[in-house]
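Model the full assembly from the supplied sequences, consistent with the hints where possible.
Just so you know, the sequences run in chain order A and B. The numbering of the first sequence is this note's numbering, which starts it at 1 and goes up by one. The numbering of the second sequence is this note's numbering, which starts it at 1 and goes up by one.
Derived by calculation from the structure, the hints in this document are not laboratory data. Think of the CB as a built atom: it goes at the ideal place given N, C-alpha and C, for glycine as much as any other residue. A couple of the hints might just be wrong.
[What the hints assert, rightly or not] For each label pair, taking beta carbons as the anchor points, the in silico distance ranges come out as:
1) A:S181 to B:L37: 18 to 26 Å
2) B:P112 to A:S195: 49 to 57 Å
3) B:L37 to A:D135: 28 to 36 Å
4) B:P112 to A:H262: 29 to 37 Å
[Claimed, not checked] Negatives, chain B to chain A, calculated, CB over 10 Å:
5) D25
6) F29
7) V72
8) D78
9) F85
10) V90
11) P100
12) C254
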Amino acid sequence: MSNPNQGKSDRQKMPLELLSEEMARKRTALADALREGVPPSAEDLDSLERLSKLKTILSNNDNGGREKIEIGFLCVTGLILIGLMLARVPSTAVDLDVRTTRVRLTLTDQRSATVIPGELGEILLLKQARVSGADEVLPPIVGESSSFELKQLVSPTETTTHRDSEDLAVRLQEVAIPSDSPLTIAVGVAYAAESRGLVLEASGSKPSTARFGEVIPLGKEADSARAVRYAISPVRATGNNLVLELFPANAERQLTVFRDMHVSEIRFEDSGHSSILGGLAFIKSGGEAGVPLQPSDRLTIRSAGPMLVRELTLTKGELKATLSAPRVTTLQLGEDSPRNLMPTLFEWIRFRWPNQLYATLSALAALWLATRRWWESSK
Amino acid sequence: MTRFATQTVIFVSICCSALGVAAQDRPAFCEPTPDALLGGLQAPYARRVAPDGNVYCEGLLRRPIALPPISVVSVKQDQAGNSLFPPDKVASLTWCDDSPEPVHVQLRSFKPPMFALDAMNRVKFDWRTDLIAKWQPDWSNIAALGIREAAIGGQTYKLVVPLRNGAGYSTSYSFVVQSKTPIHLSTALIEPLQPSTQPEAVKVTFASGPTKDTWTTTIPFARMKSGVYRVTFEEGVEQAGNTTEPIYLRHKVCGAP
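Here is the structure:
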């Protein structure tokens, strides 16, 4: 009488295993027959050969299924990796150190109404100041038209020391900008005979005001020892498109143009061309090393929030801008086919969790190898 | 819910309209501070009528929050001794000017309570002292400016006419400069606009004013011809070069042409 449980377990077995068991039984029967001196019949040999062929066929079918799973797994892994390497993060933090000849800034609405080139509270001493685009000049005698020029007073005495010379310099006391309307300020390098300075162009729907102090000599009647020989005559220029060309009295000294100013847009270009001389772009999610900026590289930077001009300085006829932008959405470098500097998702993951990324990849590889080994041994 | 929101919007609109009307009630030369900002003050700045029937504004304002540039905030004729406004009287502000144009009289208290007065009159301004005697009776604690517009050489200037409390006249003018930062002004540059002559620099010494951010000095103008002078207080050229915003001073010797 056959055991029903035995039959059930046979049905649950895989065909390959049943075949192996059948072949083993046949081989044992043949061996027993040979031991008893009975030669194997042709039918037994044919049967064993057919079983062997059938096992080979079934075994090949089983290997094909496993390979498909392996290929599928590799494809999925590959696609995920390609996706991570192609897809870019929506925004990233960027620090810029740029040497340039001109930069155009659009100021945010929330800003101070006063901009003073130079350190806070310092009055800038100028060898020369040229003003154009002024709608109103006070006193009017200084600027009959919309343009005028103020120059450092030259002392008539031969024995003028450097300190005395600076005393007679033109003072830039204040540049007041409208605090409640959009304003764009272009900062560039101004050129004059044997000197370089700063050009500031303030454009907006409301007027900006520049206040200067021009040193003037006083009349001969004031020539006595105790009398005041010089005085500072205030000059005020107001205009919607005010252009100031400022040449510092001491060209060797570094001049801080702006510090900690929030801007909504920044462009490094002059007459449609890039004004960049060099520098570095540090992309916070893209690795530690900065991306070098080459001369004439066109840099496009857009941000979802305000950017902070940490410092804009004029040093030896060259502008240097240090900018922090915490939410940059577009960062491109190049002319015709610009290079996208926004980091990929893979770079972002590698930047944020480098140890975890490498540990996960190692664990996945080890798991894959262990699974294959277990798969093969189970046969 | 919708009904409540609609009623709220209507109520706010009515309130805003009422406030707007109240602010518009004041003459154009008065301070344009919205009435909503004057709530809670015991005698808020408001429209009044002077004994001569002219409308002016007087009352308490809130202290402005600002960092203004160094500027001259008060120009008065020099008066010896303390000058107080007694209660229940009619006070008089006078000035020396021959123009038919009215002068904008602007009084602002240096220290709390922030009393303010704006009027537009010719020759002099008389008003009842009920409020000023209660809130800021000391003339030395009040910044006073008399301003009128004048066209000189095709350019419109705001001329400052030195004011005086009561009758009389003095050719010494007392200036108060206000600055939030320490200043070391040592010179007054006086540039004549009318008649156009050589500029002159006068050495000045500033004393502490009524508050810690004010400084006061007096300049005698007796030897100067009647006219308009651009006056700027400044540091010497050997210093940093700070200057005040220039004022255009109308100087006239009363009784002289």
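> Taking C-beta pairs only, is V90 (chain B) more than 10 Å away from all of chain A?
Replying inline: 39 Å, holds
> Is it correct that the beta-carbon of D25 (chain B) has no partner in chain A closer than or equal to 10 Å?
Replying inline: 26 Å, holds
> Taking C-beta pairs only, is V72 (chain B) more than 10 Å away from all of chain A?
Replying inline: 12 Å, holds
> Non-interface claim for F85 (chain B): all C-beta distances to chain A beyond 10 Å?
Replying inline: 35 Å, holds
>> For the hint 49 to 57 Å, verify it against the beta carbon of P112 (chain B) and that of S195 (chain A).
In response: 52 Å, holds
> Does the Cβ pair P112 (chain B), H262 (chain A) satisfy 29 to 37 Å?
Replying inline: Because 34 Å falls inside the window, the suggested range holds.
> Does C254 (chain B) sit more than 10 Å from chain A, CB to CB?
Replying inline: Given a closest Cβ separation of 27 Å, the condition holds.
> Since P100 (chain B) was said not to touch the interface, does its Cβ keep a gap of more than 10 Å from each Cβ of chain A?
Replying inline: Holds, since 25 Å exceeds 10 Å.
> Does D78 (chain B) really sit off the interface, with its C-beta more than 10 Å from all C-beta atoms of chain A?
Replying inline: Holds: least Cβ distance 23 Å, greater than 10 Å.
>> Does F29 (chain B) clear chain A by more than 10 Å, comparing its Cβ with all Cβ atoms of that chain?
In response: 23 Å, holds
> Between L37 (chain B) and D135 (chain A), does the C-beta distance stay in 28 to 36 Å?
Replying inline: 32 Å, holds
> Taking the beta carbons of S181 (chain A) and L37 (chain B), is their distance inside 18 to 26 Å?
Replying inline: 23 Å, holds
When the structure is compared with the earlier hints, no violation turns up for any of them.
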